[in-house]
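The listed protein sequences correspond, in order, to chains A, B and C.
When we follow the numbering used here, the leftmost residue of the first sequence carries the number 1030, and every step to the right adds one.
When we follow the numbering used here, the leftmost residue of the second sequence carries the number 350, and every step to the right adds one.
When we follow the numbering used here, the leftmost residue of the third sequence carries the number 2, and every step to the right adds one.
Since the hints were derived computationally from the structure, they do not count as laboratory data.
On a predicted model such as this, the values are computed, not experimentally measured, just so you know.
C-beta: ideal position from N, C-alpha, C; glycine also.
Mixed in with the good hints there might be a few duds.
Stated by the list, open to error - Chain C stretches covered by chain B per the calculated footprint, using a threshold of three residues with CB under 8 Å from any CB of chain B:
| hint | segment |
| --- | --- |
| 1 | 69-81 |
| 2 | 88-94 |
| 3 | 107-117 |
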Amino acid sequence: MRPTRVADMDADQVERDLAGLDLAVTDLDVRAPDGRQLVGLHSLTLAAGSSLAIRGPSGAGKSSLLYALSGLVQPRAGRVVWGKTDIAQLDEAARARFRRENVGLIFQDFLLFEELDVIDNASLAAAFAPRAERAARRRQAVHWLDRLGLGRAGLRKTDSFSGGERQRIAVARALSGEPAIILADEPTASLDRASADRLIDDLVGLAKGAGRTLIAVTHDAGLAERMDRTLTMAEGKVVGDAHG
Amino acid sequence: MDRLADIWFGLPAGVQDVATTVLLLLPALATGAIVLRGYAPGRLVRAMLRRFSTANMVFVALIAISVAIGVGLTAQERGLRQGSARAAGAFDLIIAAPGSEITMMLAAVYLQPSDVPLLTGAQYVEVASDPDVALAAPIAFGDSYQGAPVIGTTAEFVTHLAGDVVEGRMFATSAEAVAGAFAPVATGVSFTPAHGHGPAAEADAHAGSVYTVTGRMAPTGSPWDRAILVPIEGVWEVHGLANGHALDEGDRIGAPFDAAYFPGTPAILVRADALWGNYALQSRYSRPDMMAFFPGAVLAQLHGLMRDVREAMSMLAVVTQVLVTVSILAGLMILTRIFARGLALLRAIGATRRFIFAVVWSYSASLISGGALIGLMLGWLFAFGFSRIVTARTDVFVTASVTWTEVHLVAGFFSLTLLLALIPAWAATRRPLLTDLRN
Amino acid sequence: MRFLAATISLAFAATPLLAQDDHKHLTEIDGLRIVHAWMPATSGPDAMIYMEIENGSDGLVTLSGAEAPDGMTVELVGFTYTDGVEAWQVLPAMPIAAGGNLDLAPRGVALRISGLSASLVEGDEIEIEVLFGDLRLDVHVEVEDKNATAHGHAGHNH
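With the hints as constraints, model all of the structure from the sequences given.
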């Protein structure tokens, strides 16, 4: 069967998809290169605009699930359907394009380019976005930096910032493409309590306000309790699913 | 194909040079245009350059030095070749007693001391009175003063070599002298020549004989600039010989000379007015009792013998540059591992492999471009500095300049290495994304 | 055609005066001798031809050039070395006094032949007419190695 590619979709389809992407995962099987199963998930659905925390001990497969949902990991089997697009069926370039257009990623240790200034970091994707989108990407990056209280920091190099500030720059980077989906991997794990609380407020507020889907892998109870739903994993399987 | 060749050879040299440069740069420019199409990796590349600025500077310096050595060597070699040819420019045809042309050329043109047999008065007069000969100047070397050769000749030769004297006046008696442009004597001073040259010179051999400097010659860019020129009569008189003229001629100096009173001369500079004249004279006086040769032709032959060495040298210079660049590209492959996490992040947020390829290639290309440009400039400085040393040591005026030859060399190197830079760029795209991201 | 006619007319008219040895190294008319005509092997359309000319006649002769068949041209040229660049300048006619000689040799004087349509290899031979005003001498030019500096028989006394 020929895979559905974002590139193949007509403009209406893409626009409708961007308006909100429901998630439907079925029979997901993610394996390590040595064949060990990292995630085995029979079914998971998530409505567009809702939020989900994924919890569980180390090695439970939380990050592997998150990366499979973002298309960074190609599952051995199963479907990961965002809106109408099964990203498990896309080739690598199409998955990269899907992420560029629909997904904002946030990592535990920020992953900023120390030698770039704040705006360049926040608008990193402008460098490989189509020429017509570059200016808008930079404008959006500046806008989100402003919303996150870093409006005056634009031309400073990132190495002078605290952990909390850095993670907010990373959030601005994730939002600069106006994604429908935000995927965060332990976003507060490197932060002190006060910074973590502020980040949680920002992240949850900005996601919910714009109707974005937010999925976060976290050990942070403070973050988990602000989410609509919490999935608990152990040894690659879902062992708990709590709403509210 | 022939038509294309005809068009090419019909172009002015300048246009050919520019076109060659463009053709040599074309692979690099085309690669750049294809690799970078649709992307703006400039900020990221600058960030990468800043990230390991010391290592990057070392890479640029290594490329620059290897390019500079190549550029400097070829420019210097050409400068030396041109300088030595220019220094021989005034010496149309040399006639001397049979022997080694090279030895005679070194002695008569470059004033390197040498013991050579002499031409007789009869031989000199035969040449001087040849109707095709416009100038036949004896050149008598062997004496020196404070390391500067003292050469006996005629006023016509002085004018032929350097034009009118720029200071004072031409020598008018056998006890007067004109100094080369940089000879260690001032106008107005008197000196006693030593017999011979260097440490073996006998300072007292000519005691009692004195020349007075009456003028100074314009610079010629040849070893003659350090020489002191005296009437050949003076040289003969200093050695206690007849002075080329019958006694009843008094103190007259210069041509014509009387064969019966002519003690001999190591060499005669000959020139003809007719375009064909020098060639005819060369044929005419190449005979068992004399040799006639063009210093330019001997020099061309020497330079021709060195051509293979020169080509090997150019080849080695290019190979060295490429080897240095290859080792630097290997270094870059290691360095890109350190960037691997940043590159993985780019892919995670939606960059394609082609963008990663563009970033890493641009990074390598920046180092290579910087190194090549700085190398071209350093090479020029190197050649310039070395020329001054050679000029100071040999008195052959050497001007080494960077010409299209060097630009072509660097352009070729640039294109070749930018193509080689595709390898580390490709390697950077083959890295495992998730491993790098979590590392 | 003119060349052929000239060759034939010379061959008949001048037979008693024209002598060529077995090796065709030598051409002589009225004491004017050309020996050891040679050229290096070629790859392009131009080449230099060298020879030894001895004027054994009673009068002055003037080397004015040469002619070659099939649209090829020959001119008299002299070697120059200016600023380290080798070049050949075109020379007008060159007089050779009675009893005198002129050696055409590498980095001296040469006859430059242009318009060669095929490359010549060692052992080939071409024929040209060397002109001394109205006097024409047929000369067989032997092709030597491309790096040769003299005729293979140079030094022999023909």
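Hint-by-hint comparison with the structure:
no.	hint	in the structure
1	69-81	holds (count 3)
2	88-94	holds (count 4)
3	107-117	holds (count 3)
In terms of the numbered hints stated before, the structure departs from none.
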